[in-house]
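S.K.: Could you put the whole structure together from the sequences, leaning on the hints where they help?
Here is how the chains run, residue by residue.
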Amino acid sequence: MSDLRARVEALYAAQADELTGHPEFRALEAGTAPKAAYDTFLSNVVRAHMRSPKIVAFLYALSPPAATEDLLHNLLEELGISAGGSEAKEDGTSHPALLRGLAEGAGLADRLPELERLAEGDIRTLVSEPLMYGTLKDVGLSALVEVIAFEWMLSRTASRIATALAAHRGLAPDALAWFTHHAEVDIGHAEQGLDAIRDYAAYYAMDPEDAATIAEMSMRENVFVRRYFGELALAPGAAS
Amino acid sequence: MRLVAAEIFALRIPFVEAFAHSAKDRAASDAVVVKVTAEDGTVGYGEGLPRPYVTGETTESMIAHLADVLWPAVVDRDLAAWSVDLPAAWLPDLPAPGVVAPHAARAALELAMLDATLRGAGRGVADVVPFVRRQVTYSGVVTASDPARAAKLARQMKLVGLGAFKVKIGVGDDVARIAAVREVVGPEAELRADANGAWATPEIAAAALAALAPYGLAACEQPLPRGPASELARLRGLTGVPIMADESLITEADADALIAAAAVDIFNVRVSKNGGLARALAIARKATAHGIAVQVGSQVGETAILSAAGRHLACAVADLRAAEGSFGTLLLAEDIASEPVRFGHKGLASAITGPGLGIRVRDELLRKYALEVVTRGARVTR
Numbered sequence: 006m007s008d009l010r011a012r013v014e015a016l017y018a019a020q021a022d023e024l025t026g027h028p029e030f031r032a033l034e035a036g037t038a039p040k041a042a043y044d045t046f047l048s049n050v051v052r053a054h055m056r057s058p059k060i061v062a063f064l065y066a067l068s069p070p071a072a073t074e075d076l077l078h079n080l081l082e083e084l085g086i087s088a089g090g091s092e093a094k095e096d097g098t099s100h101p102a103l104l105r106g107l108a109e110g111a112g113l114a115d116r117l118p119e120l121e122r123l124a125e126g127d128i129r130t131l132v133s134e135p136l137m138y139g140t141l142k143d144v145g146l147s148a149l150v151e152v153i154a155f156e157w158m159l160s161r162t163a164s165r166i167a168t169a170l171a172a173h174r175g176l177a178p179d180a181l182a183w184f185t186h187h188a189e190v191d192i193g194h195a196e197q198g199l200d201a202i203r204d205y206a207a208y209y210a211m212d213p214e215d216a217a218t219i220a221e222m223s224m225r226e227n228v229f230v231r232r233y234f235g236e237l238a239l240a241p242g243a244a245s
Numbered sequence: 136m137r138l139v140a141a142e143i144f145a146l147r148i149p150f151v152e153a154f155a156h157s158a159k160d161r162a163a164s165d166a167v168v169v170k171v172t173a174e175d176g177t178v179g180y181g182e183g184l185p186r187p188y189v190t191g192e193t194t195e196s197m198i199a200h201l202a203d204v205l206w207p208a209v210v211d212r213d214l215a216a217w218s219v220d221l222p223a224a225w226l227p228d229l230p231a232p233g234v235v236a237p238h239a240a241r242a243a244l245e246l247a248m249l250d251a252t253l254r255g256a257g258r259g260v261a262d263v264v265p266f267v268r269r270q271v272t273y274s275g276v277v278t279a280s281d282p283a284r285a286a287k288l289a290r291q292m293k294l295v296g297l298g299a300f301k302v303k304i305g306v307g308d309d310v311a312r313i314a315a316v317r318e319v320v321g322p323e324a325e326l327r328a329d330a331n332g333a334w335a336t337p338e339i340a341a342a343a344l345a346a347l348a349p350y351g352l353a354a355c356e357q358p359l360p361r362g363p364a365s366e367l368a369r370l371r372g373l374t375g376v377p378i379m380a381d382e383s384l385i386t387e388a389d390a391d392a393l394i395a396a397a398a399v400d401i402f403n404v405r406v407s408k409n410g411g412l413a414r415a416l417a418i419a420r421k422a423t424a425h426g427i428a429v430q431v432g433s434q435v436g437e438t439a440i441l442s443a444a445g446r447h448l449a450c451a452v453a454d455l456r457a458a459e460g461s462f463g464t465l466l467l468a469e470d471i472a473s474e475p476v477r478f479g480h481k482g483l484a485s486a487i488t489g490p491g492l493g494i495r496v497r498d499e500l501l502r503k504y505a506l507e508v509v510t511r512g513a514r515v516t517r
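Those sequence lines, one after another, are chains A and B.
The opening residue of the first sequence carries number 6 in the numbering used here; numbering runs sequentially from there.
The opening residue of the second sequence carries number 136 in the numbering used here; numbering runs sequentially from there.
Everything labelled a hint here was simulated from the structure, so no lab data went into it.
Idealized CB from N, CA, C, for every residue including glycine.
Treat the hints with caution; some may be incorrect.
As the list claims (entries may be wrong) - Straight-line alpha carbon distances no greater than 27 Å define the calculated DSS-like cross-link-like pairs of lysine-lysine that follow:
1. A:Lys142 x B:Lys287
2. A:Lys59 x A:Lys142
3. B:Lys481 x B:Lys287
4. B:Lys481 x B:Lys293
5. B:Lys503 x A:Lys40
6. B:Lys293 x A:Lys142
7. A:Lys142 x B:Lys481
Unchecked claim - Stretch by stretch, here's where chain B covers chain A in the computed footprint (C-beta under 8 Å, at least three residues):
8. 135 to 148
9. 220 to 232
M.R.: Listed below in structure tokens is the structure:
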């Protein structure tokens with residue numbers, strides 16, 4: 006299954022390169038994009054990640070015993086709760102709250118109800134579409150591959166994005182906490198995540214080639230570009 | 136219910152990276168969608184896909200035929216009486232310059248009128264076309280020419296439970312491609328081949344099919360170019376592989392000629408190619424009456440509208456040998472209806488119910504993907 010890990014990471018690397026080479030990403034980073042483009046990008050980030058605790062909770066339910074603790078930690082962290090021994094306590098800010106802070110800090114608070122509605126709609130669509138796979142283990146692997154993809158990509162680009170948003174959109178450090186948090190934390194998460202994919206496939210005794218094929222199908226289009234700039238993104242200028 | 140306005144959307148919806156197509160063949164859907172509006176505000180949507188190599192239509196000729204020939208014949212007509220045959224009967228059979236048959240245009244407007252008529256009456260297609268099944272099983276389509284790529288696509292399709300596959304032949308090393316796919320899908324899977332008229336004569340086709348015999352083809356679609364039905368009949372006598380007509384089956388006259396010549400075993404009926412749901416049904420019924428099986432086919436890049444129409448057709452055909460299409464977001468970056476129409480695991484998809492064609496088209500997505508919008512008639516606001 007170590008081959009699976011390498012193959013998935015290669016998919017992530019290729020798609021992250023495509024994202025950072027995307028003309029809209031480059032314009033945001035170079036400061037040549039109009040303000041409306043920054044606002045649309047920020048709105049797309051909020052929409053894409055606002056409901057991530059629900060997806061992590063789904064993955065937690067399917068996790069192999071060896072990965073359960075890591076996924077529980079990730080889930081609690083998403084919810085702004087730390088697990089200390091047998092007790093959990095609220096001592097952090099949940100990721101959805103960080104995303105709301107991002108929108109508010111960018112002056113997009115009035116867009117939040119619509120973005121939350123769209124994020125819920127994305128979950129509804131996901132749940133309503135006919136399942137392509139015949140077992141939950143296959144569905145779970147597909148979801149795991151996509152979730153870890155974002156952690157992997159953000160661990161390598163979040164600080165670049167935060168720098169660009171501070172320089173060219175004038176966002177304060179507090180508003181950028183979601184990005185800086187991912188930049189700091191997700192190198193570890195991404196590595197854990199790649200291990201989790203390998204361990205998941207092994208635990209459920211998946212044929213390695215089948216597992217790799219599911220990963221490739223999950224990543225058959227660029228999930229980053231699709232959500233930040235593409236079909237699942239708002240039309241350019243929609244947040245202005 | 137009088138039709139008072141039409142909007143024609145020439146779309147370009149990008150494809151997701153290959154699942155059911157070869158990216159070098161086509162990178163986006165070029166569907167043309169028609170939205171008709173009645174004086175009471177009822178709307179209906181239809182779709183056609185122009186294919187120069189099938190019906191001879193281009194996007195431009197299709198839009199021109201729709202806007203300047205078909206629409207003037209139906210504007211202000213009263214749609215109060217509803218039936219599946221009525222909209223088709225109202226559409227004139229006027230030729231379009233340089234076109235074999237302007238069927239994509241007819242299909243688009245017929246479906247839009249049918250959708251509006253049924254929607255206005257609160258009825259669905261099943262109310263006017265009796266369904267003989269409530270579930271359809273779709274096949275996968277492997278169009279990659281490279282054997283390794285074809286095998287990879289087949290593996291993806293097998294992994295999502297598909298049990299029947301169509302493989303394009305007539306380009307490159309057919310034997311290597313078919314062998315590679317057969318090895319991946321296993322001996323139980325159904326393999327059909329589509330030659331798209333690649334072989335010039337029945338003898339050449341028979342020899343090519345003989346070379347593929349070890350891999351167990353369930354059918355070969357359109358082995359010869361569109362031409363005399365007698366040529367297909369001659370091939371049928373030279374090979375044991377069941378022969379399917381596609382490009383040779385565009386009009387009802389084509390169907391009659393193929394039946395008279397005992398030329399084929401299977402008809403590939405497609406809503407856009409055959410000029411709408413009523414004509415596709417009529418051809419399918421002729422096939423059944425003469426012991427010919429039916430495949431309900433599709434055009435690459437169909438949106439939810441033609442997928443829904445194809446589903447209705449597949450649910451209504453008595454001797455359904457295979458079904459293709461309903462790829463939805465497996466192929467399109469985004470589909471245009473609120474409801475997912477695509478098939479799921481094992482290629483299974485249920486009959487579509489609900490008023491009209493049974494889907495709700497999202498106008499904002501038509502606008503999002505429209506390269507061109509042509510309007511006719513008065514704008515209606517409610």
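S.K.: Now, for every hint given, state plainly whether the structure supports it.
M.R.: Against the structure, the hints:
Proposed proximity of lysine 142 (chain A) and lysine 287 (chain B) is supported: the alpha carbons are some 21 Å apart, at most 27 Å. For the hint linking lysine 59 (chain A) to lysine 142 (chain A), the alpha-carbon distance of about 17 Å falls within 27 Å, and the restraint holds. At most 27 Å may separate the alpha-carbon atoms for a hinted pair to count; lysine 481 (chain B) and lysine 287 (chain B) meet this at roughly 18 Å. Only pairs whose Cα atoms come within 27 Å are accepted, and lysine 481 (chain B) paired with lysine 293 (chain B) is accepted, the gap being roughly 8 Å.
Restraint check: the Cα-Cα separation between lysine 503 (chain B) and lysine 40 (chain A) comes to about 22 Å, which is no more than 27 Å; the hinted pair holds. Restraint check: the Cα-Cα separation between lysine 293 (chain B) and lysine 142 (chain A) comes to about 16 Å, which is no more than 27 Å; the hinted pair holds. Taking the CA atoms of lysine 142 (chain A) and lysine 481 (chain B), the gap is about 16 Å. The hint holds against a cut of 27 Å. Against chain B, the region 135 to 148 of chain A contributes 6 residues with a C-beta closer than 8 Å to a partner C-beta. That satisfies the three-residue criterion, and the hint holds.
With 5 residues having a Cβ less than 8 Å from any Cβ of chain B, the region 220 to 232 of chain A passes the three-residue criterion, so the hint holds.
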